[in-house]
Amino acid sequence: MAPDPANPGPQDLAVKERVEGGSVGLSGLAAVGLAGLSLRSAVARLLLSGLAAVGLA
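Following my numbering, the numbering of the sequence shown begins with 171 at its first residue and continues without gaps.
The set of hints was computed from the structure by calculation and includes no laboratory data.
Ideal Cβ positions, reconstructed from N, Cα and C, are used throughout, including at glycine.
Any given hint might turn out to be false.
Unchecked claim - Distance ranges between label pairs, derived from CB positions:
(1) A223 to G198: 35 to 43 Å
(2) G198 to L226: 41 to 49 Å
(3) G220 to D182: 50 to 58 Å
(4) G195 to L218: 43 to 51 Å
(5) A222 to D182: 56 to 64 Å
Between the sequences and the hints, there should be enough to build the whole structure, so can you do that?
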């Protein structure tokens, strides 16, 4: 039985949802990546200030 293009089956709907949800997933990953970068820079600043304090001590 051939699929009817006018009546998408559950598999077609799942693919459509996955494609539409992909953009949400990408923006979510970007937000997590930005949060990770800010956290990394904060840790780097702490390490540098700690090294500077040890060097000055």
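Consistency of the hints with the structure:
1. A223 to G198: 35 to 43 Å: The hinted range 35 to 43 Å holds for A223 and G198, with Cβ atoms some 37 Å apart.
2. G198 to L226: 41 to 49 Å: holds (42 Å)
3. G220 to D182: 50 to 58 Å: Given range 50 to 58 Å: holds, Cβ gap about 56 Å.
4. G195 to L218: 43 to 51 Å: Cβ of G195 to Cβ of L218: about 34 Å, so the range 43 to 51 Å is violated.
5. A222 to D182: 56 to 64 Å: holds (60 Å)
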